[in-house]
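Asker: With full-length UniProt numbering applied, the sequence shown corresponds to residues 1 to 214, in that order.
Hints may contain errors.
What the hints assert, rightly or not - Pairs of lysine to any residue residues, derived as SDA-like cross-links and limited to a Cα-Cα distance of at most 25 Å, are as follows:
#: 1; residue 1: K46; residue 2: G132
#: 2; residue 1: K56; residue 2: R147
#: 3; residue 1: K56; residue 2: A117
#: 4; residue 1: K46; residue 2: T34
No wet-lab data here; the hints were simulated from the structure.
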Amino acid sequence: MSPRKSVAEARRTRDRILEHGIAIASVDGLDGLTIGRLATDLGMSKAGVLGHFGTKEALQLAALDGAAAIFSRTVWAPAEHRPPGLARLRAVCEAWITYLETDRDTFPGGCLFTTAAVEFDARSGPVRDAVGRLLRVWRRRLAAEVRTAVAEGELPAGTDAEQLVYELGGLYLALNQELQLFGAPGAAERTRRGLDRLLGPGAPADPALTSRAS
Numbered sequence: 001m002s003p004r005k006s007v008a009e010a011r012r013t014r015d016r017i018l019e020h021g022i023a024i025a026s027v028d029g030l031d032g033l034t035i036g037r038l039a040t041d042l043g044m045s046k047a048g049v050l051g052h053f054g055t056k057e058a059l060q061l062a063a064l065d066g067a068a069a070i071f072s073r074t075v076w077a078p079a080e081h082r083p084p085g086l087a088r089l090r091a092v093c094e095a096w097i098t099y100l101e102t103d104r105d106t107f108p109g110g111c112l113f114t115t116a117a118v119e120f121d122a123r124s125g126p127v128r129d130a131v132g133r134l135l136r137v138w139r140r141r142l143a144a145e146v147r148t149a150v151a152e153g154e155l156p157a158g159t160d161a162e163q164l165v166y167e168l169g170g171l172y173l174a175l176n177q178e179l180q181l182f183g184a185p186g187a188a189e190r191t192r193r194g195l196d197r198l199l200g201p202g203a204p205a206d207p208a209l210t211s212r213a214s
């Protein structure tokens, strides 16, 4: 086997481990992401799994980074072509709903970051720090769109961007709970009504952002 082919095969194996690990973590938390379980599920040796990550903590951190990349690709990328400000913010919010409603294969237990935040909020260490860092990055991105919307006159002058982002986060925490714990069929529509209260009445959802839900 050539060195190039060997590296590519190692990357595919690592990606396969991470993909399964992210699915497990969304259901059982990052503590449920054990080397032994992954090895058994994937028909690998423990040494084979460890060879890609070294430690359980490194695996947990890699799972968080992998989930963040999926989230960005699923929620941010479909909306990034929209004009900055309210149009992009609304598109992001719609894609966020679709992500929580439909990404059951990738995240069978719902949003991994919601699970991880509850699991690690009272702890200390690199994993807790990584969860907080990723969530803060997302909040800053949303707040930037809010500030642009205010500057463009799309939201009222004096709108507190951090407060609005705080309330948006509450809507999506509620949506994740409604879908995961209660299986509520009307949860997405309730979320959209909440968005209208926070952002003002919006145009009908773009089919390009909701097609994954059909």
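Asker: The structure should be examined with respect to each hint, and the outcome stated for every one.
Answerer: For each hint, the structure was consulted:
{"no.": "1", "hint": "K46 x G132", "verdict": "30 Å, violated"}
{"no.": "2", "hint": "K56 x R147", "verdict": "40 Å, violated"}
{"no.": "3", "hint": "K56 x A117", "verdict": "18 Å, holds"}
{"no.": "4", "hint": "K46 x T34", "verdict": "10 Å, holds"}
Of the numbered hints listed earlier, those contradicted by the structure are 1 and 2.
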